[in-house]
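With the hints as your guide, set chain B with the ligands onto chain A.
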Amino acid sequence: MKFHLKVWRQKDANAPGTLENYEADNIPADASFLEMLDIVNAGLTGKNIEPIQFDSDCREGICGSCSLTINGVPHGPGRGTTCQVYMRKFKDGDTITIEPFRAEAFPVQRDLVVNRSAFDRVIQAGGYISERCGSAPDANSVPISKVIADEAMDAAACIGCGACAAACPNGSAMLFVSAKVTHLGLLPQGKPENGRRVLGMVRQMDEEGFGNCSNYYACEAVCPASVPAAFIGRMNREFTAASVKEIVGMNV
Amino acid sequence: MITSPSSSARSGPNPILLWMFSSIGKKTIVAATGILLVFFVFGHLLGNLTVFLGPDVLNAYAQKLHDLGPALWAIRVGLLGILVGHIYFTMLLWKENQRANPKKYIAADPIKTTVFSRTMRLSGLVVLAFVIFHLAHFTVRVVDPSYLVMRTQLNGHEVHNVYAMVVKGFSNAPVVAIYVIGLFLLTFHLSHGISSLFQTLGITNRRIRSNYELAGRAIAWLLFLGYVSIPISVLFFGLGKGFAQ
Ligand code: HEM
Ligand code: SF4
Ligand code: FES
Chain A
-8 MKFHLKVWRQ KDANAPGTLE NYEADNIPAD ASFLEMLDIV NAGLTGKNIE PIQFDSDCRE
52 GICGSCSLTI NGVPHGPGRG TTCQVYMRKF KDGDTITIEP FRAEAFPVQR DLVVNRSAFD
112 RVIQAGGYIS ERCGSAPDAN SVPISKVIAD EAMDAAACIG CGACAAACPN GSAMLFVSAK
172 VTHLGLLPQG KPENGRRVLG MVRQMDEEGF GNCSNYYACE AVCPASVPAA FIGRMNREFT
232 AASVKEIVGM NV
Chain B
297 MITSPSSSAR SGPNPILLWM FSSIGKKTIV AATGILLVFF VFGHLLGNLT VFLGPDVLNA
357 YAQKLHDLGP ALWAIRVGLL GILVGHIYFT MLLWKENQRA NPKKYIAADP IKTTVFSRTM
417 RLSGLVVLAF VIFHLAHFTV RVVDPSYLVM RTQLNGHEVH NVYAMVVKGF SNAPVVAIYV
477 IGLFLLTFHL SHGISSLFQT LGITNRRIRS NYELAGRAIA WLLFLGYVSI PISVLFFGLG
537 KGFAQ
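Sequences listed follow chains A and B, in order.
The working numbering puts the last residue of the first sequence at 243; the count rises by one with no breaks.
The working numbering puts the last residue of the second sequence at 541; the count rises by one with no breaks.
If we strip away everything but chain A, and leave its shape as in the complex, we get (with noise of 0.2 Å):
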């Protein structure tokens, strides 16, 4: 198959940056998107040119590495990752627009390659439980319903690959921070310490520049995990229920 791309080049986060035109010719309609531009990229290091830098590394829709925006869309077409997609999807001759995941809170280092590095500082601020729960427990020893862990498991089903907030008009990271929330607290383990958790969570979120949820659902739209919106009216519940035990001198 045969594409043309506009890919964002950008020599490093403080440059400007800009659209440059590339072909990828003779691609096999079962590349993936990131074998494809494996190929380009071969092709432009025999013709001297820097490769296009993007990020992957478990190359199987689990680690969520692969930030990248096809044609607007962060992760492209269809649920799942970057590295799921396939060239297959597209129709030959298609003109394709690579763009990096876009939110403030997610600079650009270079090409497609953007720091997530506040994820990793929102989980620190309380996306954990920190009192040891010893080796996993004999099943059933704790009983823990199945609406419940199937609810749990959903939620767990984040990859923290950021293309909620990438998707949003409003680069608002609420879709990870309540899949978190919520993956947590719903378990006996994690329970305790919920109103911190959440609490620490929003603030640490609202401090690294996310925007603010304006009940889009673009989030819900591109998640890989389909981890759905749902999540973040339960997040706001018990951000409000947490608020105001703090308000009243509680202790959370």
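Wrong hints could be hidden among the right ones.
[Unchecked claim] Okay, the calculated beta carbon distance ranges per label pair: (1) B:371 x A:68: 50 to 58 Å; (2) A:16 x B:408: 28 to 36 Å; (3) B:376 x A:7: 41 to 49 Å; (4) A:68 x B:476: 39 to 47 Å; (5) A:5 x B:410: 53 to 61 Å; (6) B:427 x A:29: 22 to 30 Å; (7) A:7 x B:339: 51 to 59 Å; (8) A:136 x B:417: 36 to 44 Å.
Honestly, the hints are just simulated from the structure, not real lab data.
From the three backbone atoms N, C-alpha and C, an ideal C-beta is built for every residue, glycine too.
Using the frame of chain A, we list chain B with the ligands on its own:
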């Protein structure tokens, strides 16, 4: 142990301010003021629909409101405060959201967002302009000062003839156009706003959310039909013909 950061750059350490100026706090205030405004829009419509019950009913209703005296003023000041709070916090959100995502994609894609949600600021500001016009028109009555001297008899008292004012006001096609446009934009605003506020307040779960969206849009359009029925009836169907002085 999870330690909450003692203060954030955007607000002081006072827990009330910390909440109010947090992302979710601001959203909650917009949603809470939004739902109060929706209640007002409902109540106002019910009162206005008395126009279909004839001049005496509408005039009596208007007189009752005026007889509330200080309570009426309390309601007016309260509504103004709610509106100012709603607008102030939405503008704060707007400013921060622009800062949080200043570089848009060159190959822009709306990704499942609705036209209603994307136009909240525009629809809100048109509604604000419309509310100001509406107050100037029927409350302060500076658009047509002849409304000021419209009087009528009701149960032996002389009262302001609201019915005649409404009929005269809506006999004018450009004025009706302003009302229909203003109400249409309010409908746009509420098509997103009504369902959105439940998400913001956290009264939701994943099964019920799409129902909120349908119900919110249906309620917004019902409000639209209810409101525009009045100017349309006057202008095109001769409601109150002969009452305008
Ligand atoms: C008069 C000028 C107004 C302006 C400028 C305005 C602006 C806005 C904006 C920008 C939002 C979205 C906030 C966000 O999600 O980021 C919003 C939400 C909302 N507005 Fe307004 N608005 C106005 C009047 C009204 C009125 C008259 C009503 C009700 C009758 C109303 C009801 C709502 C509701 C229910 C929401 C949803 C709250 C949420 O998302 O949780 N607004 N408004
Ligand atoms: S919520 Fe979804 S889109 Fe957001 S970081 Fe987690 S997996 Fe990625
Ligand atoms: S490279 Fe790991 S998810 Fe794509």
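Taking the hints in turn, this is what the structure says about them:
At roughly 52 Å, the beta-carbon separation of residue 371 of chain B and residue 68 of chain A lies within the given 50 to 58 Å, and the hint holds. Hint check: residue 16 of chain A to residue 408 of chain B, Cβ distance near 33 Å, so the stated range 28 to 36 Å holds. Distance hint check: the CB atoms of residue 376 of chain B and residue 7 of chain A are about 46 Å apart, consistent with the given range 41 to 49 Å. At roughly 40 Å, the beta carbons of residue 68 of chain A and residue 476 of chain B sit within the given window of 39 to 47 Å.
The hinted range of 53 to 61 Å is not satisfied by residue 5 of chain A and residue 410 of chain B, whose Cβ atoms lie roughly 37 Å apart. Distance hint check: the CB atoms of residue 427 of chain B and residue 29 of chain A are about 58 Å apart, inconsistent with the given range 22 to 30 Å. A hinted range of 51 to 59 Å for the beta carbons of residue 7 of chain A and residue 339 of chain B is consistent with their spacing of about 54 Å. Checked against the hint of 36 to 44 Å, the pair residue 136 of chain A and residue 417 of chain B passes, with Cβ atoms roughly 43 Å apart.
Hints 5, 6 from the earlier list are contradicted by this structure; the remaining hints agree with it.
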